[in-house]
Structure formats: structure tokens, C-alpha cells
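Colleague: Note that the protein sequences, when read in sequence, are chains A and B. Residue numbers for the first sequence, in our numbering: 10 to 349. Residue numbers for the second sequence, in our numbering: 10 to 349.
Calculated from the structure, these hints are not laboratory results. Hints are all accurate, no fakes.
According to the in silico footprint, chain B covers these stretches of chain A (three or more CB under 8 Å from chain B):
{"id": "1", "region": "88-95"}
{"id": "2", "region": "102-108"}
{"id": "3", "region": "119-128"}
{"id": "4", "region": "261-270"}
{"id": "5", "region": "297-305"}
One-sided excerpt, in silico: chain A residues whose CB lies under 8 Å from chain B:
{"id": "6", "residue": "L75"}
{"id": "7", "residue": "V236"}
{"id": "8", "residue": "L292"}
Where a beta carbon is used, it is the ideal one built from N, C-alpha and C, also for glycine.
There are 2 protein chains.
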Amino acid sequence: MHDDDEMSGRITLATVAKEAGVSMPTVSKVLNGRSDVSRTTRAKVERLLDVHGYRRRTQSASRSPLIEIVFHELESIWAMELIRGVENVAKENRATVALTESGTRHTPAPEWLPGVLQRRPLGVVLVFSTLPEDIKRQLRAAAIPLVVIDPAGDPDPDVPSVGSANWAGGLAATRHLTDLGHERVAIITGPEDMLCSLARLDGYRSAMAMAGLETDPRLMRFGDFHVQSGFEHAMDLLNGPDRPTAVFAGSDLQALGVLEAARVRGLRVPEDLSVVGYDDVPLAQWSSPPLTTVHQPLRHMAEEATRMLLRPDDPGTATQRIELATRLVVRQSTARLQGV
Amino acid sequence: MHDDDEMSGRITLATVAKEAGVSMPTVSKVLNGRSDVSRTTRAKVERLLDVHGYRRRTQSASRSPLIEIVFHELESIWAMELIRGVENVAKENRATVALTESGTRHTPAPEWLPGVLQRRPLGVVLVFSTLPEDIKRQLRAAAIPLVVIDPAGDPDPDVPSVGSANWAGGLAATRHLTDLGHERVAIITGPEDMLCSLARLDGYRSAMAMAGLETDPRLMRFGDFHVQSGFEHAMDLLNGPDRPTAVFAGSDLQALGVLEAARVRGLRVPEDLSVVGYDDVPLAQWSSPPLTTVHQPLRHMAEEATRMLLRPDDPGTATQRIELATRLVVRQSTARLQGV
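Just need the whole structure built from these sequences, with the hints factored in.
Modeller: As C-alpha cells, then:
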């Protein structure tokens, strides 16, 4: 079967060369990401390779066993959990994890693609970002599969991705608070332009409605998922007699900001204020008090994404979306509403 | 000059082959980490390569531009800072960071060495660990330089390393507390078998002596640098009327444990208890209250280590030790002693 594949591969390359009006070595140069090919020729050959569905067979002997994880923001507190997940599956497959930073969420730095084509990893795990059409095509032509870890819930329909259940997470966090008797429940969700923020907010609304509670627009805020944003919104929310008795903070970092605002306002957590985070990054259990939060299975998501890359049925062609479940983890930052 | 080097390299290889009584291709196999060479032959050839001071020239065309960072504990909260440092310098040099986990602090997993020899990185940054003699020799023979990031302050004299000033850090943390008027100052340092723990403890003792204060053995504890250990020691230290008014917690994670113990014991930080951490990992500024701590320049240490690898004057031969300065960062977990 391998021989058949190789044979059909060669026939495809010859066809592509003929149709593009170039030599086989030129097609080969395009496949290897060499720079001594004109832009026009490269584009033409890539389009034809795509049309003919050419997939280079994995040449395990010549290809270094790397799995590449690409961040646009290595600063993220999530990064380590995701790296661990990729590393776990890489190790099972005796591969090494290579770590690169892309330029922005939408366009990698210009040197990134030639580097990947030269390194020829078994596959690329993109964190939280998308790639321009021509780069996806070049990766496909080089038979380097691509999977996106997308906790933001906004997948490129063209690329397999792993996300998690944001709406259900928002619902679980808020129900926990209403079940404890809280009626004035505030939410600080993420940025307005991220689907995961909207899904968590809608989960909050549904939980409030299920508990027969009105939502108050003054208690619903958009943050940016970072500590300072949680602190500032909470300083404002906790100012005045009509303050909420509970805050669903949208992220663990925002929850840390809420804890600090409570301290500054002289409120005890959980006696005077209940706080729920989101993500369950390691520091959630180290805060004082330890955070009740929604566990987002980041490591597991990274493992699944890496497995999708390595599956024999070329994941580059079968577009897939997996959403892993979230679950509430109750620690010590939430308590039953005290008689007010 | 490059030609001369290459020429002298070939002459060395011929000499080694002759002295070892093997063919040039066999020497070549040893250099490339191939497995089809007997243990005895490999050992003999490696010893001779070492004796003759053979260093393979960097062949940038054939070698993939990887810099490898090796952790024995990817769980560490420090990992991300160190990865960022290596990534910064890798990017300047258009190299990619590969991340591997070694087995233990003293012996990498058996598949690690063949993998490195096959990947042929520009160099290897080891975090917090040492390598057995024969592995160091094989890396030297393959001209893969090695540098250790060693915040523990216990360097292998054989390998270049980057550490930081632990004694000075312990002194600065404790002086800050005695300057604020604290006399009953406790310390929870790290494990008794790590030089960095002992250096920080000695810095504490000197600061106490400089302030004319007695040290109380009941206030001096060995922890393991993790949150739980800080929590448990602090629960014990803060129990009873004779409690300390300040704790130098030895690490940021232990400091988080102390904050939680203070909360459980009903003590306010910093009004009733001052707490100083060590490391200044990102979460130190997000705790409630934000931690006063000793900044250990982890990212800068990783940058320096990576630069040492890439320096033209073969760092594999010139053994070097660099210690970077630590500095106190005052935030909100420390305050002047209130009238007792």
C-alpha cells in the first residue's frame, strides 16, 4: 500500500509539473519550501497540488520527529498547561516538542513558514489563532497537518480544532451561586469580540432565568481576562450599598483581581462575597482563599489536538471540531448567602 | 580558516580511527550517535576524540537550527519564564526552541541522548540538573554545547552554568523586615540538601545579626518550596501568642501558603503579619495582597545561558559560572511593625 501511495504521488507530481509547465525539480523545490522559485510559479504549483489532492507521504527516516506548538502569546498563563498536553502525547510518540511564536493571532511572522517547511514537523498545533489561506495551502502541500486549540470558541471551519464547552461552563458557575441563595450575582466576562465570552455570558443569563432572577445590566461587564480588569470592574461593582453578593469572574486571573478588590474594600471572601473563576489554572488552588472555578481541560485539549495530528487518517482533510466538557470545581471562595 | 579547521578535523578523525583500530566510517557512526556500533568501540572512540580535543565544526546547512531546553520537572512554575528567556535569544538567532523532559535530576531517560544526537541542536540548555559523565562526553564529541541554568546554586564544575545570588537575596529579604521594625522574623527556606536554601538561610542569619537580633531555632524551617509546605509551617508558626510578626517565605509558592495560613488563623496581611516571598514569578503580583518578594531574574538567566551556548568561543571548553543579581521588590505584603 505504501508503494501504491508513493507511485500515485509520483504520478501526481508529474501531472502537476506538466500542467504548470515546469520541471519536476521545480515542483520539488516548491514542496520543500525553497526560496529559488518565483512567486508566480510557486502559487501555480501549489494550486495544482491542491487541486490534485497531492499529499506527500510521511518519510519518517528523513523527517525529524518534531511536533510544533505555535503561540501568538507565550505570556499566557495557559501556555504551560497546553505545552504539557502536547508534550505528553509527543512523548508517547517519541517526538520532540518545538515551540514557536507567531506574529499575531492572524498572521505569523514572515520567517515562520520557511522555518516550518525546513523543520518538517509531524504536525503543527496552533494555539488560539488562525492562518492565512496561502499558508494553510502550503502546509497542506507539504503534508504537514494542522490543528487549532481554540478555547475562544471561534474555529476556522477549514481546520480541525479542539475547544471546550463555554456556555455550559457559564451556566454551571452561575447555578452554583444561585443554588447558594445569591440573587445579586455579577458577571465579568471576557472581551466582547470573543465567542467564548458571549457563550459564558449567555450561560449566566440562562442560569439566572432558571432561578427566576432578573439580570441587572449594571452587574454585567466585559473585561479582558486579565487581573487588572477583574480588579477595576470589582472596585466599581463593590462600591456602594447595592453591591452584588457574588461575582462570576469569567477567568481565574479576573477572579484574583476581584479577591484583591474585596480586600481593598474590606470585604471577606467568602463570608461577605462569593467569587467564582474560570479555567482552573494551577494558581486557582493557591489563591487565598482557594478559588471555586470552572475547570477548562486545557491539558486534555492539547492532548486531543496532538492526537488528531498524528492519527493515520490524514486529519488535514477531515475537518473536525471537538468540544471537551468543562466542570465546576468547588473550593473555598464561595459560600451560602449570609442573612443580609 | 574554516578550511583549516575542517582539514585538521579530518586529520584528527583519521588519527582516532587508527588509534582505535577501526575504520573512518565507524568513527563517523560514533559521532552521529548511530546504534550499530558496539559499546566498547563507542567508548574507545569517544575517549580518543576527547583526548585529541576533536570538535566537529558547526555545519549550519545540515544541522536544524534548534536550541533544546531540558526540564526534569515541567510542572515548575518557573518553566514558563525560562522558556521565554531561551525563546528570546533563539528568535534573535532564527533558531527554534525544542523542549524535552529528562528522567530525573541526575539521569535523562534512555531515549534522550540518541534523540539529541539525531536532532543535532545548536546547543542544550539543562534546567536544574546534571548529566552523567558519559553523556557529557558524547555531547562534547558531537560538538553539541551544554549550559546549565542552576538557580539551586550547586553547579557541576565541569559545565558552564548560570545562577543567581541567593545569599544576597536572603539578606535583602530579611533586612527589609528588620528595617520595618520586626524582631520576631521567621524563615521557611527550601530543602536542606539544596545549596540555594542554605545560602538564603545564611543571608537571613547575617541580616538578623546585623540588626542585633537573636535567631530563634523554632522560627527557622526547611520547606520544599511548594505551597503546601509554606501553609503547614505557617499554621504551626502562627499558632500561639509567641508568634512571629514577619515571615520570609523562601519562595513565592511558600509565601502563598503563608498568606492562606494567615487567613485561616484570622490574621491580616500586612497589618498583623508581614510576608516576603522569593522568585518574583508572575503570580507574585496577582496575590492578595500583592507579594513583596526577591526578584530572581529567571528570564534573564535563561537568556544568558542561551547566549553562552551560541558564543563563537566554544563554550564547551571554557567552563564558566555566571551569577546574576537578585533584587527586592516591595509590594503590599509587608508593613512597619504595629505597636504590639
